[in-house]
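S.K.: The lines below spell out each chain.
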Amino acid sequence: MSTPVLELDSLSVGFATDRGLVRAVEAVSFRVAPGEMLAVVGESGCGKSVTALAVMGLLPGSAQVGGRILFDGRDAREAQRGRDLAMVFQEPMTSLNPAFTAGEQVAEALRKHRGLAPRAAFDAAVEMLSRAHIPDAARRARQYPHQLSGGMRQRVMIAMALACRPRLLLCDEPTTALDVTVQAQIMALLDELRRETGTAVVLITHDLGVVADRADQVAVMYAGRVVEAAPAAQLFATPQHPYTVGLLGAAPRLVGGGGRLASIEGTVPDPLNLPPGCRFAPRCPFAVARCNEAPPLAEVSPGHSAACWRAPLDQVLAA
Amino acid sequence: MAVWLLRRIGQIIPTLLILSVLIFALQQLMPGDPALILAGEERGDPQVLAQIRAELFLDRPLPEQYVRWLWRALQGDLGFSWRIREPVAVLILQKLPVTLQLGGMAFVIACCIGVPLGVLSAVYKGRWPDVLVNAVALAGISTPNFWLGIMLILLVSVNLGWLPPSGYVPLFEDPWQSLKTTIMPAFVLGNAISAVLMRHTRAAMLNALSQDYVRTARAKGLGERVVVLKHALRNALVPVVTLGAIELGRLLAGAVLTEQIFTIPGFGKLIVDAVFNRDYPVVQGVVMVVAVITVLLALLADVIYLLVNPRLRHA
Chain A
1 MSTPVLELDS LSVGFATDRG LVRAVEAVSF RVAPGEMLAV VGESGCGKSV
51 TALAVMGLLP GSAQVGGRIL FDGRDAREAQ RGRDLAMVFQ EPMTSLNPAF
101 TAGEQVAEAL RKHRGLAPRA AFDAAVEMLS RAHIPDAARR ARQYPHQLSG
151 GMRQRVMIAM ALACRPRLLL CDEPTTALDV TVQAQIMALL DELRRETGTA
201 VVLITHDLGV VADRADQVAV MYAGRVVEAA PAAQLFATPQ HPYTVGLLGA
251 APRLVGGGGR LASIEGTVPD PLNLPPGCRF APRCPFAVAR CNEAPPLAEV
301 SPGHSAACWR APLDQVLAA
Chain B
1 MAVWLLRRIG QIIPTLLILS VLIFALQQLM PGDPALILAG EERGDPQVLA
51 QIRAELFLDR PLPEQYVRWL WRALQGDLGF SWRIREPVAV LILQKLPVTL
101 QLGGMAFVIA CCIGVPLGVL SAVYKGRWPD VLVNAVALAG ISTPNFWLGI
151 MLILLVSVNL GWLPPSGYVP LFEDPWQSLK TTIMPAFVLG NAISAVLMRH
201 TRAAMLNALS QDYVRTARAK GLGERVVVLK HALRNALVPV VTLGAIELGR
251 LLAGAVLTEQ IFTIPGFGKL IVDAVFNRDY PVVQGVVMVV AVITVLLALL
301 ADVIYLLVNP RLRHA
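Residue numbers (the working numbering), protein chains in the order written: chain A, 1 to 319; chain B, 1 to 315.
No lab work stands behind these hints, which were simulated from the structure alone.
Each hint should be verified, as a subset may be incorrect.
[Said to hold, decoys possible] Result set (SDA-like, lysine to any residue): computed pairs, CA atoms no more than 25 Å apart in a straight line:
{"no.": "1", "chain 1": "B", "residue 1": "269", "chain 2": "B", "residue 2": "116"}
{"no.": "2", "chain 1": "B", "residue 1": "125", "chain 2": "A", "residue 2": "18"}
{"no.": "3", "chain 1": "B", "residue 1": "230", "chain 2": "A", "residue 2": "80"}
Whenever a hint applies, use it, and build me the whole structure from the sequences.
M.R.: Right, here's the structure in full:
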């Protein structure tokens, strides 16, 4: 296997607060191969955004980071933000600077990383905007963010992020703030540009539906840990962690019989007061005594791992 | 935008009318009878007093006096100074450049001190540069103009002999000498405002630095200097500019004391002399001109706000 573009080796991120240390991310490991799309899935607060910000080196100074982040086999801190790796954020409304035109903001990255002259950078920005399917890109490039629709702004963000052809693109809930119809367009655009540029993508989302037919790999996070990781098709076909099962909304079929389990019972644990052992145990319909010990992320079948004592779940469900 | 501008200018007219009434009314509350002062030696002679009153329309009802004054003021005639026997408009035109020069310099000094310190303090929020800058700003706000002025004269002029302690040379007569006579009073005048500007710049920068677009700029790989000075400051300046223009109006009013200390023949000196002499037309004229300038500066602030804020420009 070639060197992964991104490799996290038991990354942990903690924030010191007045009430104690919040462990936002704990022992998270995964790899992203060149050109691959990894979806990181989980509820809000599970640590997926913090993971992305850690990769970008954009965490606030107060964050305590442990473990290793490797970009192309080397320490990610040596990678150049904007050129080697880039990020698209959730809120296109606020993520663009209101005081500069869309074109200027895309051109800025090109000037910085490609050393283009202002004129050439602006032309390249217009070109990039039109590749992000912004109609009438030359005119739009001269407009300010407030003159653009939400979907249009996210296209600008994507154009900005991909302008310097980074090897890795992190997308933090890129479609959450958008209308459903626009969501599909943006996802299609990401997919298209990814194939064109060969950029690997880490897609952070809470919506499994978004990733189903696009991601190569999926990592499911819960309360700061990866609870299941597998190739997308495999994960959807045979989820091995009860939390994934819950997310897929497939619980009724699996437990059999009458009662529908439309949502996962209970709430996400307080990050200051995490349960010992498996963090999902208090909400888990399959929990047993052993769940008081933390289960390791272990391989269930080749390429498919789950952090659950009861995995593979097939036997549990068959019983 | 043109419609907005016209409407905005339309709003000024009632403001100025109300101001003119206020100025005229306050004037009447001032103790002392101008006729008595003007009569001088002959103040015992009722006939002289009556003649003076008739000449100056002081025997007419107040509303009539007001309308007469306003009507002529609109034509640029602010009346005659009772004391100096010169048209008020001429007096004002003589003194206005002096005060404008002083105010302009003070404003530049205030911006040069206040904005960079505000940025510095926001970037180093909670750390020692922030604490230091805030202490300096507090000292700046708390220092009375007259005290700072006197101390500067003592230090710079008396002890070090670097600058003349007082007096004024017009800008176009000898720019260098003019600068030397105005730099100290301009600093004194700008000092208090620089502290206000610093506090506002700090608040606006803290707000800007916490915005998502600053994170985007960092994600783009821009250096911290570009992130702070371009992406954050550009947005932070929007409220600061507005405030700055309004402060400039306050600064003109604040010049009264400073001009007295440095004996600069500007607006401040004109109005103080006029008040002591019960020279009503001069007082009215000067205050009215200051009011007009303040209102125009507020308009200027709005226009600048529009220009630096693209969201409004296209609205």
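S.K.: Does the structure break any of the earlier hints, and which numbers would those be?
M.R.: Violated hint (a single one): 1; every other hint is consistent with the structure.
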